[in-house]
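K.L.:
Those protein sequences? They're chains W and D, same order as listed.
Letter 103 of the first sequence, counting from 1, is numbered 103 in my numbering, and no numbers are missing.
Letter 108 of the second sequence, counting from 1, is numbered 108 in my numbering, and no numbers are missing.
Treat the hints as calculated values from the structure; they're not laboratory data.
A couple of the hints might just be wrong.
Cβ-to-Cβ under 8 Å is the rule here; a few derived chain W residues that face chain D [as the list claims (entries may be wrong)]: (1) A30; (2) K118; (3) V148.
Note that beta-carbon positions come from the ideal geometry of N, C-alpha and C, so glycine has one too.
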Amino acid sequence: MITIINYGVGNLTSIKNMLNRANVDSVITAEPEVISEADKLILPGVGSFDYGMEQLHKSGLVDTLNQKVVIDKTPILGICLGVQLFTEVSDEGKLPGLGWIKGQTVSFTRSPLTGNLKIPHMGWTDVFQYQQSKLFADMYEDPRFYFVHSYHLSIDNPVEVLVRARYGDEFAAGVERENIVGVQFHPEKSHKYGYKILENFAKYY
Amino acid sequence: MIPSLLLHKGGLIKSVKFKEYRYVGDPINAVKIFNEKEVDELAVIDIDATRNRRPPDIKKIAEIVSEAFMPIAYGGGITTIEEVKEILFNGVEKVIINKACVTDPALVSEAARLFGNQSIVASIDVKKSLLSGKKVYTDNGKVNTGLDPVNFAIKMQNAGAGEILLNAIDRDGTYKGYDLRLVHEISHAVTIPVIAIGGASKVEDFSQAVQEGASAVAAGSMFVFQQPHNAVLISYPSQAELKQKLYGLIS
C-alpha cells in the first residue's frame with residue numbers, strides 16, 4: 001500500500017491510476033493519522049515552492065513527515081515540486097524546505113549558451129543514469145520522461161544524484177539517499193518509463 | 001505527433017471542415033487506447049463550450065487527465081485567468097485559447113505571464129474565402145474575424161503565446177494533407193513553435209508539414225478512422241515508423 005500525500009497541490013489521481021495499473025494499492029490522503037501509518041509515501045506536487053511548503057504546514061503534515069521519513073525511515077518518493085521540497089531552500093521562495101537532502105532548488109542558469117531556453121522546461125527529455133538504483137531497475141532502453149519545471153535540484157553530495165538530464169546545461173533530475181528518493185519529471189505522465197518507476201518504487205523500497 | 005480529440009455532448013466526435021460531426025466513441029476509452037499507443041501528448045478540445053457560452057467543464061477535464069498517462073492540452077470555452085489556473089491545477093499541461101485570442105488578447109498575455117509561455121497555446125483557425133483570401137475564423141469556423149492569419153500569429157506571439165495551433169478548416173477531415181503553404185507562411189513569420197493540424201492522412205504528411213516549418217503536427221481523423229471505409233478505429237503510428245520518417249526531421 002502506497003500513501004499519496006494530498007496537500008492541495010493539484011490532481012493526484014493519475015498517479016493513483018498508474019499505480020492501479022501496476023496492481024499496487026494506494027490511497028490519496030491529507031490525514032496525518034493515515035500518513036503516520038503508511039508503509040510507503042509519495043509526495044507529489046505542482047506549483048511554487050513556498051505555496052507547497054505553506055500547504056504542508058497548513059495541513060499539519062511537517063512534523064508527521066519528519067517523524068516518518070527521518071526517524072522511522074519510511075520510503076518516500078518525491079515527484080516534481082515534491083522532490084524540490086526535500087531540499088533546504090529554493091531560488092523560487094523564502095520559506096525553508098524540508099531539508100532532508102543537502103542542497104538547493106535553483107533556477108536554470110541563463111548562460112550565453114542557454115540564453116534562449118524557454119522557461120518552464122516542458123517536454124519529453126532523455127535522462128541518463130548517474131548511480132545504480134532500484135528505481136531504474138529493468139528500465140526500458142533510452143528512457144525519456146515528461147518534465148514541467150522552472151527550477152531544478154542542485155545536490156551538495158554528487159553521490160546522491162540519482163539521474164541527470166540536459167536542458168541547456170545538465171541538471172540533477174533525481175536524487176536518492178537511503179529511504180529518500182525523488183524525481184523532477186512526472187512518472188505519471190511518462191507512459192511505460194514512468195510506470196516502471198512507480199512499479200519499482202512499490203516493489204523494491 | 002498529437003492526436004486531437006473533440007468533445008461534443010459528452011462523447012468524442014470528428015468533423016469534416018468543422019461540420020458533419022460523426023460520433024467516434026467515449027473520451028475516456030479513447031484516452032486509455034492512446035495510453036497503450038504511448039502518444040507524446042494529447043489535445044482535448046470541447047467544441048460545445050464557447051458555442052453554448054459555458055465555462056470549461058472542470059470535472060470532465062479532471063476525469064480525462066486522471067486516465068491519461070501523457071501530457072494533456074485542453075481547449076474550449078476559456079475566458080478567464082481563474083479558469084486557466086483551475087485547468088492547470090487539475091493536471092493539464094497546456095491550455096488552448098481560441099476565441100479569446102481574438103476577443104481578449106490580454107488574457108493570453110496575463111496567462112503567459114502567470115503560468116509561463118509554454119503553458120499557453122494560441123489556436124488559430126484559418127479558412128479561405130473566395131473574395132478576400134485566408135482569414136482567421138472563430139466559433140467553430142462560423143465567424144469570420146476578417147483578420148489576416150500571418151499578422152494575427154505575430155500578434156499572438158507578441159502577446160506571449162508559447163505555441164500556435166494552426167488549424168486549416170478547409171482541410172479538416174479531408175485527408176488531403178496539410179495546407180503546406182499556410183504552414184510555411186505562419187512558421188516563417190513567428191519564432192514560436194507552430195503545430196499544424198487539418199488534413200493529415202499519413203506519416204508522410206507530417207514530414208511535409210515539418211519540412212515547411214511546423215515544429216509539431218496534430219491530427220484528428222487519421223487517428224480515429226481506418227481507411228478505406230472510415231470505420232472507427234483508434235490508431236497511432238508505431239514509434240519505429242515515427243523514428244524512421246519523422247524524428248530525424250525534427251531534431
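K.L.:
Take the hints in turn and mark each one as holding or not.
P.N.:
Hints, one by one, checked against the model:
no.	hint	in the structure
1	A30	16 Å, violated
2	K118	6 Å, holds
3	V148	6 Å, holds
In summary, the one numbered hint that this structure violates is 1.
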